[in-house]
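Chain W is fixed; fit chain B onto it per the hints.
Protein sequence lines, in the order shown, are assigned to chains W and B.
Residue numbers for the first sequence follow the working numbering, so the first one is 155 and each next one is one higher.
Residue numbers for the second sequence follow the working numbering, so the first one is 1251 and each next one is one higher.
Keep in mind that the hints were calculated from the coordinates and are not lab data.
Each residue gets a CB set at the ideal place from its N, CA and C atoms; glycine is no exception.
Quick list of simulated restraints, FRET-style, between CB atoms:
{"hint": "1", "chain 1": "B", "residue 1": "I1510", "chain 2": "W", "residue 2": "Q249", "range": "21 to 31 Å"}
{"hint": "2", "chain 1": "W", "residue 1": "A180", "chain 2": "B", "residue 2": "D1447", "range": "18 to 28 Å"}
{"hint": "3", "chain 1": "W", "residue 1": "Q249", "chain 2": "B", "residue 2": "S1444", "range": "20 to 30 Å"}
{"hint": "4", "chain 1": "B", "residue 1": "S1444", "chain 2": "W", "residue 2": "R253", "range": "24 to 34 Å"}
{"hint": "5", "chain 1": "W", "residue 1": "F305", "chain 2": "B", "residue 2": "S1453", "range": "47 to 57 Å"}
{"hint": "6", "chain 1": "W", "residue 1": "S377", "chain 2": "B", "residue 2": "K1398", "range": "23 to 33 Å"}
{"hint": "7", "chain 1": "B", "residue 1": "T1449", "chain 2": "W", "residue 2": "F305", "range": "50 to 60 Å"}
{"hint": "8", "chain 1": "B", "residue 1": "E1528", "chain 2": "W", "residue 2": "A180", "range": "27 to 37 Å"}
{"hint": "9", "chain 1": "W", "residue 1": "A188", "chain 2": "B", "residue 2": "P1446", "range": "21 to 31 Å"}
{"hint": "10", "chain 1": "B", "residue 1": "N1333", "chain 2": "W", "residue 2": "S377", "range": "42 to 52 Å"}
{"hint": "11", "chain 1": "B", "residue 1": "K1398", "chain 2": "W", "residue 2": "D330", "range": "18 to 28 Å"}
Listed next, the in silico SDA-like pairs over lysine to any residue satisfying Cα-Cα at most 25 Å (straight line):
{"hint": "12", "chain 1": "W", "residue 1": "K285", "chain 2": "B", "residue 2": "N1291"}
{"hint": "13", "chain 1": "B", "residue 1": "K1520", "chain 2": "W", "residue 2": "W178"}
{"hint": "14", "chain 1": "B", "residue 1": "K1520", "chain 2": "W", "residue 2": "D238"}
{"hint": "15", "chain 1": "B", "residue 1": "K1406", "chain 2": "W", "residue 2": "A297"}
{"hint": "16", "chain 1": "B", "residue 1": "K1406", "chain 2": "W", "residue 2": "G338"}
{"hint": "17", "chain 1": "W", "residue 1": "K289", "chain 2": "B", "residue 2": "R1293"}
{"hint": "18", "chain 1": "B", "residue 1": "K1520", "chain 2": "W", "residue 2": "I171"}
{"hint": "19", "chain 1": "B", "residue 1": "K1406", "chain 2": "W", "residue 2": "R286"}
{"hint": "20", "chain 1": "B", "residue 1": "K1406", "chain 2": "W", "residue 2": "N335"}
{"hint": "21", "chain 1": "B", "residue 1": "K1520", "chain 2": "W", "residue 2": "S167"}
{"hint": "22", "chain 1": "B", "residue 1": "K1325", "chain 2": "B", "residue 2": "Y1542"}
{"hint": "23", "chain 1": "B", "residue 1": "K1520", "chain 2": "W", "residue 2": "A174"}
{"hint": "24", "chain 1": "B", "residue 1": "K1520", "chain 2": "W", "residue 2": "Q170"}
{"hint": "25", "chain 1": "B", "residue 1": "K1520", "chain 2": "W", "residue 2": "W206"}
{"hint": "26", "chain 1": "B", "residue 1": "K1520", "chain 2": "W", "residue 2": "F184"}
{"hint": "27", "chain 1": "W", "residue 1": "K285", "chain 2": "B", "residue 2": "R1420"}
{"hint": "28", "chain 1": "W", "residue 1": "K285", "chain 2": "B", "residue 2": "N1415"}
{"hint": "29", "chain 1": "B", "residue 1": "K1406", "chain 2": "B", "residue 2": "P1280"}
{"hint": "30", "chain 1": "B", "residue 1": "K1398", "chain 2": "W", "residue 2": "F374"}
Each chain is listed here by its residues.
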Amino acid sequence: MPEKKVLRWLADSENQIPEALRPWAAQQGFEWVAFQSGDTPAPVLLIFSPVWNGQQYLSIEGVWAKYLAKDYPDTQLIVVGNQDTQDTNFVDVLQIQERFAAILEAAPAAIRFATAMPVFTGGMDMGERMKRFLKGHGNESMAAICQEIYFNLSPGRDALKNQPHLVQRIIEAINDPSVKNNWGTLASRWINYQPFFGYLPFYTIFEEIRLLMECLRPWFEDSDASMENIEGWFSVVLPDLKRLESLLKKLEEYVQ
Amino acid sequence: MQQKKKEAEKRLMIIVWKWRHINNDTLPLPVGSDTDMVQVNGREYQWLMRYDPEDIEQSIDQIRQIIKNDYPAYKVQLFLHLNHNYEPGHVEQINASGANGKPPDNCILFGNRDHLYIHHANSPLGLLASNGNMEGNFSGNIISAVEKINEKNVIKSTHFDNVWNHYHHRIKLEAYQLKEDFIRVLWPASLSTSAPDPTVLASILHRLSTYADKIQQNASADALTFSLGKAEEERSQTNFYGSDIVPLFISLSSAIRDFIAKEPDIQLSKPAMEPLREAFHNLLNALPENTYA
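Isolated chain W, as found in the complex (with noise of 0.2 Å):
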C-alpha cells in the first residue's frame, strides 16, 4: 500500500474549514494532520490564513515563511487564504479542491522566501508587528534595552566581589530610576505584544521570555535592592537578563 503524504496544517481553533476538508484529503489519499506547537513542519505545512486570535486577524504568514527559509529551507509552505490570487504557493480556499494538487506538485521549497516573500491576506502584518515589538518605535530595541540595564548592573558585580565597601553605592545604581524606566519599557511592551504571538513559530522563544519576565518582574516592580537582596541581584537578575537578551536576539535574526 501506498504511504501516505502527511499534510500538516495550522489554523486558529475557531476556524472550521480545514475539519469540513478532512473528507476531501482522505479521499486524495493524504493524512491531514493539525500541526501542534514543537512539530515539525516538514515537508509539507499549510496555513489557513488570517488566523483569528479572538480580537484581531492575524497574517501570520510573512513570518512562517522567513522561519521556514531559515529554519526548514526544504519545506513547501502552501498558504490557504480567502482570495482569488494566482502563486505558486497559495492556495484559494473556495478553489483548493481543484487546484491543490497542481499547487501541491509545483510550489517551490521555502528556500524561496529568503528573498521573497507570501501572498499577503489582509490581516494584521505580524512580521511588522514582530518588528515592532523587537524594535518599536526608533531606538527602543527590547534587546539593546536589555543590554542597558545589564550593562547599568553588570560592572556592581565586579566590585561586589572585589570592593565590598561599594555595596552601598551598587544599590543606590540599582534603584536608579532609569533602571525601572527600562524595566517598564520592557514590561509593558512585551504585556502589549504577547497577545499576538499564539500562531507564530516561535512558541518555545516566546515561553521562555514569559517566564523570565516572571522570574524577573518582582526584582524590579515589587521592592528596590537592598542589602539582603543584593546577592539575588547577581546571581539571578543578570544570568537571566543575559539569558532575556539573547532570546531577542535570536527572534531578530528572522525578522530583518
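Chain B in isolation, oriented as in the chain W frame:
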C-alpha cells in the same frame, strides 16, 4: 551612510469637548481661552487642538476656516462631543462642499455612552477621561495621555496614534472582518454533509444584511456617513476616501442583497459566494490604508 529620516504625516486632531467646564486639572485650557494646541511628543507636524466653543453654530465655520487657512496640508480628524449639543446635522454641515472653509477628513460625533475608544475607560491608550481630564482610569490603573518633556506638556505619541489609527482604520476593518467571517461560516457549511447550524447561518446573514442596509442608508454621492460604534449617536462622516470609493461600497451592498435573496441551499455554494467575496475585495483593494493600524 546616513539615512534620511522619513517625515511623519501632518496630522491634526481636533477634539471639541468640555475642556473648560469639568475638573480639568491635568491640562487646563489657558485662562480666558476656548482653545489651545498641544503637540504630539516628538512629532513636528502632529497636533491635538482642544476646543471648547461657546457657540456651536459659529464653531462649524470656525473649524472649517482653521482647517483651510491654518492646516491646509494636514490630515484632520474632528471629534465633536454630543454634550455640546452637536448632532448629525452639524456633521453634514461641517462636511458640506463649498468655498467657505474646508471639511475635515473624518468627523466623529461621540459621547453619552462610555464605550468609546477615545476614552481611557475603554482603552489603555485613550485620550480622555469622563471627568474632562486627559488622565483617567483603565482597569484600576491611572493612565495619562499627557507627559511633560522639557517642562512642556505634550501628548504621548502612542495615545495619539492609537486613537487616530482606530478611527482611521475602522471602516476598512469592518469590511475585512465581515469578508473573512462570512467565508469561515458558509464555506465549511457547504463542504459538510450534515445540516449547518441554523443559528450560526442566521447570524452571519443578519450581519451581512445590516451592513448592506448601513451602506444603503449612508452612502451619498460624495461621502460616507457610518456609525462606528454600537451607540446610535456615535456617528462619523469620512472623506478619507475619494468619491470613486462610494460606488464600490454600493456595489458591495448590491452583492450582499443578491446573495441574501438566493435560496439557502444556493447560498451554500461556491458560485454564490464568489461574487460576494469579489465585491468585498474590490472595495478592500481600493482602500489604501492597512486593515489594522
